[in-house]
Amino acid sequence: MGKFMGEDDIYIDKFFELINLRFAPSLGTMPDDFGGIDEMVALQREFQIFKKGRSLRDSAAIMNLGGFWNQRAKNRWYSLLDNLKNHKSNFRDLNGDEAIVTALIENLGSGAPYPVFFKAHDLRDGNNLVLIVEADTPLFYIETKYLTISLPMQPRRAGEGPATMAR
1 MGKFMGEDDI
11 YIDKFFELIN
21 LRFAPSLGTM
31 PDDFGGIDEM
41 VALQREFQIF
51 KKGRSLRDSA
61 AIMNLGGFWN
71 QRAKNRWYSL
81 LDNLKNHKSN
91 FRDLNGDEAI
101 VTALIENLGS
111 GAPYPVFFKA
121 HDLRDGNNLV
131 LIVEADTPLF
141 YIETKYLTIS
151 LPMQPRRAGE
161 GPATMAR
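Under full-length UniProt numbering, read the sequence shown as residues 1 to 167, first letter to last.
Careful, some of the hints might be misleading.
[Said to hold, decoys possible] Subject to a maximum C-alpha distance of 30 Å in a straight line, what follows is the list of computed DSS-like cross-link-like pairs (lysine-lysine):
1) Lys52 <-> Lys74
2) Lys14 <-> Lys88
3) Lys51 <-> Lys145
4) Lys51 <-> Lys88
5) Lys119 <-> Lys85
6) Lys145 <-> Lys52
7) Lys74 <-> Lys119
8) Lys85 <-> Lys74
9) Lys51 <-> Lys85
10) Lys74 <-> Lys14
11) Lys51 <-> Lys14
12) Lys52 <-> Lys119
13) Lys119 <-> Lys51
14) Lys88 <-> Lys74
15) Lys145 <-> Lys14
16) Lys52 <-> Lys14
17) Lys88 <-> Lys145
18) Lys145 <-> Lys85
19) Lys88 <-> Lys52
20) Lys14 <-> Lys119
21) Lys85 <-> Lys52
22) Lys119 <-> Lys88
23) Lys145 <-> Lys119
24) Lys85 <-> Lys14
These aren't lab readings, by the way, just hints derived from the structure by calculation.
The task is simple: from the sequences and hints, build the whole structure.
Here is the structure:
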């Protein structure tokens, strides 16, 4: 799916950074510390940002998680997210999109939600599933359990443009 982004693959880390900040662990208890997972729980409760029948792509657009650097890169990122419906997952026999949305709904609605960490794994190794892992520690330098969501991606070849994208 890095291939999916074409020459805009340089923005992939920025898109992950944006979404990971939205779901980051709580920073503290002071009013100015509000954000991350606590804010996402409140937003989910109030606005149902994630709901069955709404794609991850649409929820990401609602939260403006397509960045502001480059319109083409934003649209390719949203297309990449939309394409997750064409991947299987390791979560309840759901496709990748449904699995992520369901996992986020359940996590945000639980009494003790995990922060969420999005990342990618190399699908060239034969694993083209969307992977969802609860109570994971994806960052060795942060001793916090996360709900980890890993998207299957592959690099583009040098000089190669984006894959054909259906709308």
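Within a Cα-Cα threshold of 30 Å, do lysine 52 and lysine 14 meet the stated pairing? holds, 27 Å
Is lysine 74 within 30 Å of lysine 119, Cα to Cα? holds, 17 Å
Between lysine 51 and lysine 88, is the straight-line Cα distance small enough, at 30 Å or below? holds, 19 Å
Against the 30 Å threshold, does the CA-CA distance of lysine 119 and lysine 51 hold or violate the hint? Holds, because 22 Å separates the two Cα atoms, which is no more than 30 Å.
Would the hint linking lysine 85 and lysine 74 be met if the CA-CA limit is 30 Å? Holds: lysine 85 and lysine 74 sit about 18 Å apart, inside 30 Å.
Do the alpha carbons of lysine 119 and lysine 85 lie within 30 Å of each other, as the hint requires? The given pair, whose Cα atoms are some 17 Å apart, holds under the 30 Å limit.
Given hint lysine 119 paired with lysine 52 - CA-CA distance at most 30 Å: It holds: about 22 Å lies between the C-alpha atoms, which stays within 30 Å.
Tell me if the straight-line CA distance from lysine 145 to lysine 119 falls inside 30 Å. holds, 15 Å
Given the proposed pairing of lysine 51 with lysine 85, does the C-alpha separation stay at or below 30 Å? holds, 15 Å
Distance restraint between lysine 74 and lysine 14, which requires alpha-carbon spacing of 30 Å or less: holds, 11 Å
With the threshold set at 30 Å, check whether the alpha-carbon distance from lysine 88 to lysine 145 stays at or below it. Judged against 30 Å, a Cα distance of about 24 Å means the pair holds.
Does lysine 51 pair with lysine 14 here, judged by a C-alpha cut-off of 30 Å? holds, 25 Å
No hint from the list above goes unmet by this structure.
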